[in-house]
Amino acid sequence: MKRKIHALLTVTTASALLLSACGGKENGANASPSAASPSDSAASPSASGGASSPAAGGKLAILAGNVGGKTPEGNTEFAKAIGSLTGLDVTLDKPASDYDQKVLTALGSGAKYDLIEVSDVAKLRAFIAQGVVTDLTDFVQGSAELSDPSVIPSGEWEQLKGADGKIYGVFSKFQGATMPIVRKDWLDKLKLQEPKTLDELYNVLKAFKDGDPDGDGKPNTYGLSTSGLYDIQGIMSAAGLKYRYVMKDGKRTIPYASDAAIPMYEWFAKLVKEGIMDPNFITNDTAKMRNLFLTDRVGMITYWDAWVGMFNNLKQQEDPKTTFVAAGMASIPASDGTILMRRGDPDFWIIPANAPHPDAAKKFLEFWHTKEGITLGSLGVEGQDYTVDNGTYTLTETGKAANMDHGVPYWYNANVKSPFPPLPGVTEAMALSKQYATLELALDTWPDAEKIVTNYALKAMSGQMAAKDAVAKMQKELKDAKLIDE
Amino acid sequence: MRTLKRQGMLYIMMVPVVLYFVLFAYYPLARGLQASFQDYKLMGDRPYIGFDNYETVAHDPTFWNALWNTLAIGGGILVAGFLAPLIVALSLNEVWSRGFKKTAQLVLYVPHLLSWVVIGGICIFLLSPDTGLVNLLLAKGFGLAPINFMAEEGWARVVMVGSAVWKDMGYNCILFLAGIVAISPSLFEAARMDGATRWQQLRYVTLPQLLSTMKVILLLNTLGLFRIFDQIFVMRNPAIASKVDVLMMYTFQKGIMEIRIGPAAAASFFVVLFTLLLTVVVRRMTRFDEV
Numbered sequence: 066m067k068r069k070i071h072a073l074l075t076v077t078t079a080s081a082l083l084l085s086a087c088g089g090k091e092n093g094a095n096a097s098p099s100a101a102s103p104s105d106s107a108a109s110p111s112a113s114g115g116a117s118s119p120a121a122g123g124k125l126a127i128l129a130g131n132v133g134g135k136t137p138e139g140n141t142e143f144a145k146a147i148g149s150l151t152g153l154d155v156t157l158d159k160p161a162s163d164y165d166q167k168v169l170t171a172l173g174s175g176a177k178y179d180l181i182e183v184s185d186v187a188k189l190r191a192f193i194a195q196g197v198v199t200d201l202t203d204f205v206q207g208s209a210e211l212s213d214p215s216v217i218p219s220g221e222w223e224q225l226k227g228a229d230g231k232i233y234g235v236f237s238k239f240q241g242a243t244m245p246i247v248r249k250d251w252l253d254k255l256k257l258q259e260p261k262t263l264d265e266l267y268n269v270l271k272a273f274k275d276g277d278p279d280g281d282g283k284p285n286t287y288g289l290s291t292s293g294l295y296d297i298q299g300i301m302s303a304a305g306l307k308y309r310y311v312m313k314d315g316k317r318t319i320p321y322a323s324d325a326a327i328p329m330y331e332w333f334a335k336l337v338k339e340g341i342m343d344p345n346f347i348t349n350d351t352a353k354m355r356n357l358f359l360t361d362r363v364g365m366i367t368y369w370d371a372w373v374g375m376f377n378n379l380k381q382q383e384d385p386k387t388t389f390v391a392a393g394m395a396s397i398p399a400s401d402g403t404i405l406m407r408r409g410d411p412d413f414w415i416i417p418a419n420a421p422h423p424d425a426a427k428k429f430l431e432f433w434h435t436k437e438g439i440t441l442g443s444l445g446v447e448g449q450d451y452t453v454d455n456g457t458y459t460l461t462e463t464g465k466a467a468n469m470d471h472g473v474p475y476w477y478n479a480n481v482k483s484p485f486p487p488l489p490g491v492t493e494a495m496a497l498s499k500q501y502a503t504l505e506l507a508l509d510t511w512p513d514a515e516k517i518v519t520n521y522a523l524k525a526m527s528g529q530m531a532a533k534d535a536v537a538k539m540q541k542e543l544k545d546a547k548l549i550d551e
Numbered sequence: 034m035r036t037l038k039r040q041g042m043l044y045i046m047m048v049p050v051v052l053y054f055v056l057f058a059y060y061p062l063a064r065g066l067q068a069s070f071q072d073y074k075l076m077g078d079r080p081y082i083g084f085d086n087y088e089t090v091a092h093d094p095t096f097w098n099a100l101w102n103t104l105a106i107g108g109g110i111l112v113a114g115f116l117a118p119l120i121v122a123l124s125l126n127e128v129w130s131r132g133f134k135k136t137a138q139l140v141l142y143v144p145h146l147l148s149w150v151v152i153g154g155i156c157i158f159l160l161s162p163d164t165g166l167v168n169l170l171l172a173k174g175f176g177l178a179p180i181n182f183m184a185e186e187g188w189a190r191v192v193m194v195g196s197a198v199w200k201d202m203g204y205n206c207i208l209f210l211a212g213i214v215a216i217s218p219s220l221f222e223a224a225r226m227d228g229a230t231r232w233q234q235l236r237y238v239t240l241p242q243l244l245s246t247m248k249v250i251l252l253l254n255t256l257g258l259f260r261i262f263d264q265i266f267v268m269r270n271p272a273i274a275s276k277v278d279v280l281m282m283y284t285f286q287k288g289i290m291e292i293r294i295g296p297a298a299a300a301s302f303f304v305v306l307f308t309l310l311l312t313v314v315v316r317r318m319t320r321f322d323e324v
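Sequence order for the protein chains is A and B. If you count by the numbering used here, then the first sequence holds residues 66 to 551, one letter each, in order. If you count by the numbering used here, then the second sequence holds residues 34 to 324, one letter each, in order.
Simulated from the structure, these hints should not be mistaken for lab results. Model, not experiment: these values are computed from the prediction. Just so you know, even glycine gets a beta-carbon here, dropped at the ideal spot from N, CA and C. Incorrect hints may appear among the rest.
Restricting the straight-line Cα-Cα distance to at most 25 angstroms, the calculated cross-link-like pairs of lysine-lysine (DSS-like) are [claimed, not checked]:
(1) A:Lys-547 to B:Lys-173
(2) A:Lys-335 to A:Lys-533
(3) A:Lys-231 to A:Lys-249
(4) A:Lys-167 to B:Lys-276
(5) A:Lys-538 to A:Lys-313
(6) A:Lys-249 to A:Lys-380
(7) B:Lys-173 to A:Lys-338
(8) A:Lys-516 to B:Lys-173
(9) A:Lys-380 to A:Lys-353
(10) A:Lys-135 to A:Lys-538
(11) B:Lys-74 to A:Lys-538
(12) A:Lys-283 to B:Lys-276
(13) A:Lys-516 to A:Lys-482
(14) A:Lys-544 to A:Lys-316
(15) A:Lys-249 to A:Lys-353
(16) A:Lys-541 to B:Lys-74
(17) A:Lys-499 to A:Lys-261
(18) A:Lys-335 to A:Lys-283
(19) A:Lys-135 to A:Lys-167
(20) B:Lys-74 to A:Lys-177
(21) A:Lys-516 to A:Lys-313
(22) A:Lys-124 to A:Lys-167
(23) A:Lys-538 to A:Lys-226
(24) A:Lys-313 to A:Lys-547
(25) A:Lys-283 to A:Lys-307
(26) B:Lys-74 to A:Lys-226
(27) A:Lys-533 to B:Lys-74
(28) A:Lys-226 to A:Lys-353
(29) A:Lys-544 to B:Lys-276
(30) B:Lys-74 to A:Lys-231
(31) A:Lys-307 to A:Lys-538
(32) B:Lys-74 to A:Lys-188
Just some of the chain B residues that point at chain A, by a computed CB distance under 10 angstroms [said to hold, decoys possible]:
(33) Ile-155
(34) Leu-159
(35) Ser-161
(36) Met-183
(37) Gly-257
(38) Met-268
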């Protein structure tokens, strides 16, 4: 009897398990009964703008990685501000970390958002293939705001088109480029000019190491630091090498894995061997790299153009008498004079295929590119991040800490001017970006190819492996895995 | 039926626990199994494609490399993570001073409370080639050139195994000490009366009596062998990835980074299969049921 009862219980439990597992609908939108809408989740750091704002225009659920407040409280105020400016009942989820994973979990579990912020073109391609995103071609072309070239230059839309030529996203901000950022005050102190060739760059970096540029009498500075292979484009430009894929006569090539890259890796290995390059460059994250730059430990890093202004601003806020001056630099030109710089993947919004309120999402997208939307995305919430008195804008302490960046530090709309002067050095840096920076080619096979390229490139740069051998191994593995055509 | 009536309250008390496991363990497991047989898309139709995902994974050399890495790192952690706390526990048992014993236990246990993010930061700080304490000692003490422990393939697995053993040594040590304390003092007394030395007491009383605890710890550690993830996620970098990327990292990369849910689910069921096989082998080898 006892055995029968146990067997019965086991069978019942197993049946329940199987039924519950197979009972889910195949439709992605309702794939999981555990899927919760953002506002249903108790643990979700949702900020609702609907509580104190009118909901005349309907509801809007947003999942954002960059757009929003800097704190949970700030995020709540930000959602309220969107609500009051658009007349929508807004829910804004801004995860504190692991954003990409949360986006995927949300989409996979059937959670419903009207807008999701994405920062990766390869992800957009994957989302299109997965049937996740809504075609926005007709909406963009029919929108007086978004189709205006002075709001968003027409050519920019190419970035957000799928292989079928349709537009699947709308920009959330203007994305800049990465570049070498140098301590201009150190250059001046050591009576050096901005380097234009690889040899000049070597001399400058060596002087940063040996010349005691920080003036403390100790040999405690490095010439150059990076965060892994991110982002040495400014230096690889000297050999005319572009990162990721380059199509040559219809064939996939990876310039960083070509023979032309060998002398460049040898050049980096020489820097490491001579103690000119930070030996921790492989394990550095970008925060550590920035800190080294801000704390006078390194004279040059490679990072975003917008950070030129932020570095200078941070140091000036810390000490108004600081001598610190960061300046963006053009990449080292190749022998034919070509300057290669890396433009970052765009930041953009998608409307998921299961969005419950796509019309509200479209209303927001148009608003986001108006003066009010741009002001909210850059300065933040009036009264909290800034005040306006007789047309004069003043940043509050909270606003100063946010560095005029609530997801939109820079924007496309040429008709909207910032009420504040640009941060020091950023105009010159962005001018270089606009002149030279180009997008990288993101093919589906890049994630697999990237592992091979970064692995051997870092070994060659750090001197663990001869550059010639590293490139030969790269080429062999890439060809064996059919990741390049030649 | 009489048993059910008599123990009804116990079954009712079990309901929340059973529900917890059904909802948060078995249901996701069943959905994962389902996804491993589908051309899984985030939205839209998800047709069944038989064993295609399993074939994709089985033909991927990266998967087999990850399996080898898992066995190398997990095996290292299994062996060193078993022996090191055992030796420390036996040594601490020989210490007379209660204060020293308690302090040593506390110091050993603290790393277990730290997250891998903190441990990873400590490792980078200690092992840095320019300012790391270890390299400074190697340079001052032996005149050695700096070693980039965190970025050289030759050291990558050693660092992973060493840091994992260090982190969990205190926890396993406490389990062993609890087992040692539970041994009847009369056995030691009898051994002493028979003239047994300290070593003989250890060899013929302590270790045999500790066998059941050792089996439990070995089995628990075996179950976790294929699930190493947090540590690798935090401490890996592209230069050592080919030597330290384990099976769970492969699953993460396929599923989250490349949005290929089907192959990721198939890979995770290979992990389940390997764990089951290894557990059966370890149970047989240790004659677990004869405790």
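Hint check:
1. A:Lys-547 to B:Lys-173: 48 angstroms, violated
2. A:Lys-335 to A:Lys-533: Roughly 14 angstroms between the alpha carbons, so the hint for Lys-335 (chain A) and Lys-533 (chain A) holds.
3. A:Lys-231 to A:Lys-249: 44 angstroms, violated
4. A:Lys-167 to B:Lys-276: 28 angstroms, violated
5. A:Lys-538 to A:Lys-313: Between Lys-538 (chain A) and Lys-313 (chain A) the Cα gap is close to 21 angstroms, so the pair holds against 25 angstroms.
6. A:Lys-249 to A:Lys-380: The hint holds at about 14 angstroms.
7. B:Lys-173 to A:Lys-338: Between Lys-173 (chain B) and Lys-338 (chain A) the Cα gap is close to 20 angstroms, so the pair holds against 25 angstroms.
8. A:Lys-516 to B:Lys-173: 36 angstroms, violated
9. A:Lys-380 to A:Lys-353: 16 angstroms, holds
10. A:Lys-135 to A:Lys-538: Violated, at about 45 angstroms.
11. B:Lys-74 to A:Lys-538: 35 angstroms, violated
12. A:Lys-283 to B:Lys-276: 38 angstroms, violated
13. A:Lys-516 to A:Lys-482: Measuring from Cα to Cα gives roughly 42 angstroms; hence the hint is violated.
14. A:Lys-544 to A:Lys-316: Holds, at roughly 12 angstroms.
15. A:Lys-249 to A:Lys-353: 20 angstroms, holds
16. A:Lys-541 to B:Lys-74: 33 angstroms, violated
17. A:Lys-499 to A:Lys-261: 19 angstroms, holds
18. A:Lys-335 to A:Lys-283: Roughly 22 angstroms between the alpha carbons, so the hint for Lys-335 (chain A) and Lys-283 (chain A) holds.
19. A:Lys-135 to A:Lys-167: 18 angstroms, holds
20. B:Lys-74 to A:Lys-177: 16 angstroms, holds
21. A:Lys-516 to A:Lys-313: Holds - the C-alpha atoms of Lys-313 (chain A) and Lys-516 (chain A) are around 22 angstroms apart, at most 25 angstroms.
22. A:Lys-124 to A:Lys-167: 21 angstroms, holds
23. A:Lys-538 to A:Lys-226: The given pair, whose Cα atoms are some 35 angstroms apart, is violated under the 25 angstroms limit.
24. A:Lys-313 to A:Lys-547: Roughly 16 angstroms separates the two Cα atoms, so the pair holds.
25. A:Lys-283 to A:Lys-307: 37 angstroms, violated
26. B:Lys-74 to A:Lys-226: Distance of about 20 angstroms is within 25 angstroms: holds.
27. A:Lys-533 to B:Lys-74: Given pair Lys-533 (chain A), Lys-74 (chain B) is violated - Cα atoms ~42 angstroms apart, limit 25 angstroms.
28. A:Lys-226 to A:Lys-353: 35 angstroms, violated
29. A:Lys-544 to B:Lys-276: 21 angstroms, holds
30. B:Lys-74 to A:Lys-231: 20 angstroms, holds
31. A:Lys-307 to A:Lys-538: 19 angstroms, holds
32. B:Lys-74 to A:Lys-188: Within the cut-off at roughly 14 angstroms; holds.
33. Ile-155: 13 angstroms, violated
34. Leu-159: Violated. Min distance 12 angstroms.
35. Ser-161: 6 angstroms, holds
36. Met-183: 5 angstroms, holds
37. Gly-257: 22 angstroms, violated
38. Met-268: It holds, given that the least Cβ distance between Met-268 (chain B) and chain A is near 9 angstroms, below 10 angstroms.
In this structure, the hints that do not hold are numbers 1, 3, 4, 8, 10, 11, 12, 13, 16, 23, 25, 27, 28, 33, 34 and 37, in rising order.
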